[in-house]
Amino acid sequence: MPDTPPPDQIYCDYAATAPLRPEVRETMHQAGQLPGNPSSIHQSGQVAKVLLERARQTAADALGAEPREIVFTSGGTEANNTVFPGLLGSGDHVVTSMTEHPSVQRPLERLEPLGVTVTQVAPQANGMIQAGDIEAALRPNTRLISVMCVNNETGALADLDALGDVASRHGLLFHTDAVQALGKTPLDVNRSGIHFLSASAHKIGGPKGTGLLYARKGTPFHNLIAGGSQENSHRGGTENVAGIAGFARAIEIATAEYGELHSRLIGFRKILLGDLDDGNLSYNVNGTGTIPGIVNLQFPGVNGQALVMNLDGRGYAVSYGSSCASGSSEASHVLLAMGLTQAEATSAIRVSFGYATTREEVLGVAAALGDIVGKLQSDSLHAGKEATVE
Amino acid sequence: MSERVVVAMSGGVDSSVALLKVLEAGYEAFGVTMKLWESRDVGGQLLEESNCCPVEAINMARDVCVSLGVPHYTLDFQDVFKATVIDNFVEEYLAGRTPNPCVRCNSYVKWDALFDYADQLGADKIATGHFARIVTGPNGQPQLLRGVDQHKDQSYVLWGIPRHTLQRTLLPLGGMTKTQVRALANEAGLATANVPESQAICFVTDNNYRRFLSEHASEQMAGVGPGSILDEAGTEIGTHPGYVNYTVGQRRGLGLASPEPLYVKKLDREQNTVTVAPQASLWGSQCQVQELNWLVDPPSDPVTVHARVRYNSTGAAARLNFEDDTVELHFEEPQLAITAGQSATFYEGDVLLGGGVISRVGG
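First to last, the sequence lines map onto chains A and B. To convert, count from 1 in the first sequence and add 115; that's the numbering used here. To convert, count from 1 in the second sequence and add 721; that's the numbering used here.
Here chain B stands alone, though its shape is the one from the complex (with noise of 0.2 Å):
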């Protein structure tokens, strides 16, 4: 008898040829599209793009696999969403950081719930759209590797999923290219083939987390209140209406008149401060990575690797120090705003060796 595997679908195109795929290697497959939030609590005016959990992208994903012959259940996975993502989102910008929802959705979500639900379901291994590969190393084991499409790669995004998870987890698109994926839903006739691409996080559905924010949470923002904003000698030379709604790195919206275009650097939850600086200012070579999760087995002594401290860079060479459980990372080139509670991954050339949760922000 075939393999059963589970596909999770979001109703968009890449997890529709991921289905396509699994079926075409012989699996028997079943579709599964988890419901992760209801529009009523998030709140906010759906765009376009948002794709994924709404009626809509439960109707796509349903339809595909109608199409494809396989049978289609929606999972509730509220609970856990609200309490692995939803809360750590809020907390983390409250904190003064910059938090990465999807890292945490795929760790705690699709490779931790849906596993437990895919072994009440009898299926042997899980797949998703991902843009990453799965491939056997040299030691036998699976490893976890960049996708072919460099643009698409999402290995960023997966660092936090159990290791064990690996040899039950199909990645059938890592080795194809976002226009072979269209090319081939298009082929098949599928209704998610022209399924516009989501980037927004999916649960701030107008892309608007300050929004977010004062809604949702709006008993902890009520103690966020206005600040200084403050240049690197600590003088204050202008204000803000709370620091959550600046991330490091951001340069509009700060309201400053200053000969030289400013950036947000740092945030100060205790002080109530932004400190802003040119941006020669923000590069930096150094920080402490926690909540490490190895995909690899965990190396101890120093190591170089290709580091990468946020989804839309292509990394540096950098160097690894552990101490206890947390890691030291000293880039060999500064990198530019280097910002907290955004993940770092690192690589060996395409494998990706683990990653972790940006601590502190130099030395």
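The shape of chain A in the complex, shown without the other chains (with noise of 0.2 Å):
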């Protein structure tokens, strides 16, 4: 173990990651210590291949897929990045929105010196991407449609369905990214026509470094990752067993969770804005229609870096935009789409709640958000004062 021990803190980060579930610990410390390779000949190789096939069914049922239709991978970012390359050529293009996550943005630029077209369809104020909009961008030569179920800074919810019908309807192709959807929302392929979807084991509780990608049986399908024959010769690679079997794990956990999870972060939500407006705070909640455990608050005349860093120093994770590794403050795309201006960007927050989250933490966060934004608010009216005298 590090020699540095985990800050005593209140989480409240689940969009940038979820505290491991205890359940899941367990499972994966079990089946780490199988010795097997799953491709192997002999029974210590039998039973990780079980293992790994029951992991598979686990996330085929949350998705209303079969299992062949599942590739695990290393996280959501790779089964974005397997997606486009082996499907999209010279000549295609495709309709995305504006407020992806990185992992399709950049590997969708990536084609467009091969001649593949990307268009980007800007979402409403409310962070919504509208299936209509979608559909009028269509071209004679769309091949496919890419949009993300759940939104990673705002939680704003895509209608899948609506979504999976303008493709099913113009005869294309559909990815949706999941990443922030599995387990938050009902997820079914069938119902949405979904061609592809990307999800990933840690926004639920699973290990970090696990994902998978849903591809509809029948469609193109190209090989990110060129190797042996594992995953149904969809992905080289000896199969990371402990953390699939964890991955599947939290699958089977939050599907039974589900329902009344999401009352309860329904619940957190009121508090958290019901607090918010009792402590007379000047604040804007960015997007609408979101899961409830995601909330983007944007507060006037406050740095959303500065205010992060003071909520650390307080006891309370949470975030500014998504998670960011280089330092850079850039505004966040996501909210520059929504229409927001620089200022308003770079003045919010996101806090997001999750399993563990308890109403105490809630109120505990409301709290100190109140108690740090009302400085910075009236530090900042009085500077602009002073700045007028001058």
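I should point out that these hints are in silico values taken from the structure, not numbers from a laboratory. It is possible that some hints are incorrect.
Claimed, not checked - Computed Cβ-Cβ distance ranges for the label pairs, DEER-style:
1. B:Ala746 x A:Lys323: 33 to 41 Å
2. B:Ala746 x A:Asp248: 53 to 61 Å
3. B:Glu940 x A:Ala458: 26 to 34 Å
4. B:Ala746 x A:Asp392: 36 to 44 Å
5. B:Ala804 x A:Lys323: 50 to 58 Å
6. B:Gln901 x A:Asn241: 36 to 44 Å
C-beta atoms are modelled at their ideal positions from N, C-alpha and C, and glycine is treated no differently.
Relying on the hints, combine the two individually framed chains into one complex.
Below is the structure:
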């Protein structure tokens, strides 16, 4: 174990990653002790293989899919990266949205020099991607629609059924990045006419570094990682057995407790916003029709990053836009696409709750927000007045 | 409740030990690393000893903070750094002067933008790993003093910080030697204990400012072409590919055959000439200093101080005469290669009185 114990914090950043569920840790611990390679002939291999295929069944069940349509990957990013390159070629057109995750936007950009054209459709001011707007962007050479199910920054929920209907009426393929959706909203690949769906384990209390790509049988599939014939020859490399077993365990629990957790999160959202209202703070919620667990809040006149740091100092972990690794503070492309100004977008933070969040924690973060924002807003008002006097 | 201190962490050993000392003193501390530039924006191959700003440096700073149990944040100051430091660096070279970007970074980024951020984080003070001291003077006001380690003293690059920030600044290394700092870092097992010293200008990663200018300011550099190298009498004795390639006092790279060594004495942007001379001719006693900043009550009558006109000089006695908002600096003994664009700092004993930028060399 590292010599740096985890800080004693109230964790309100489930959209970045959820804490590993204890049951998942136990499953992974057991699976990690299995010596076998699932591809081996011997019994050690057989046990590992059975574990792997049971996990595949669990994942398939959660999506209304068949086990052979599930390809386990290293995460949502790999799943998204796998979808496009083999599918799209010179002359093909893709309709996607301006609010996609970088793991959809960047792989599509890479195909543009090869003759693939990409249209990014703007969201409504509330963050939603309208099926009608997607349909209006179609061209005769459109081959694929790729729209995320739940936005990672605002929680905005797309109408997958309507999008799938557009795809089906025009004979197009439909991909959805469901990394933030799995376990948070019901998913059914057949009802929604989905051809490809990406998901990740760690957003629902599974391990980091494990994900899946659903690929409808009969649709063209391109191997991103060439190698052995693992994953039905769809992804080379010895399978991450413990991670995949943990992923399946997390899916089981998330499925079982979905209804109850969903109502609990609706309640938490009300408490948070109610407390902010009571505190007479000036704020906006970015996005409507969102999943309850993600709350994107904008506080006029407040530097969002400084607010996150202040909350951290008070023991609350929240995030500024999506998690950013490089230390840059660029404004969120999602919020800008929704029509926020640069100043508005940099004054927003994301609070996200999940399976282990308690009412006390929500009350705590609401109180801390009230305190800090109140102070920062009065400082900035003060600074503004001084500037006017000069 | 103890005071909150923001410690500016570069990812090097000095600022790491500054954090250690701040914690020892009983403050509630947290570390910040200012992201000043992106490697892809400044170009060049990173030198091993260039330890500011790249991801590795941020990682080192975070490692030290986490192992000492304090938060660490990366602050994106790229815009303010470009506007106040990099753009000026380019302008100064194009004007035929030799800029001192570290001075401007301290004045406009660390002791301005960082203070602004410190306020938003509810911090009472900031601390850095500079080798200089802040001590309460006889009038009860804080004064900035040289660092005790004479070889490491960094007061020269701090003359431009706003005076009112002294009371909110901690410089915990001012009383220590570099050897003591390393020893303390090793004793504490800090990840940065053996990070090599950084000497270069942080954003000129390969220490090649000519490469930086040609890549970063290619438009302006397009107007800089070949010209004449003149002797002191104004006779052409060679040619140069562009005056920005030279700094006053430079000897190497002139490509001149001469019985005695020749040094760059003067750069003339208008005439596009570089004037060279024997070393004896580079000694001068006088210069004009502008953009003054005082860390004590500003003097107005002529005063004798100890003045430094470059980072690596111990300085010498000089007389300051005031004219409007500029100062005429008269050294008692001639100094070698006083260079426009460099900083002049004024001391009384160990106390840094203030400083400015050398705007004109000679009388």
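Taking the hints in turn, this is what the structure says about them:
Separation of alanine 746 of chain B from lysine 323 of chain A is about 38 Å and conforms to the stated range, judged on CB atoms against 33 to 41 Å. Hint check: alanine 746 of chain B to aspartate 248 of chain A, Cβ distance near 59 Å, so the stated range 53 to 61 Å holds. The beta-carbon spacing between glutamate 940 of chain B and alanine 458 of chain A, approximately 30 Å, falls within the hinted interval of 26 to 34 Å. Checked against the hint of 36 to 44 Å, the C-beta distance between alanine 746 of chain B and aspartate 392 of chain A comes to roughly 42 Å, which is consistent with it.
For alanine 804 of chain B paired with lysine 323 of chain A, a C-beta distance near 39 Å fails the hint of 50 to 58 Å. Hint check: glutamine 901 of chain B to asparagine 241 of chain A, Cβ distance near 59 Å, so the stated range 36 to 44 Å is violated.
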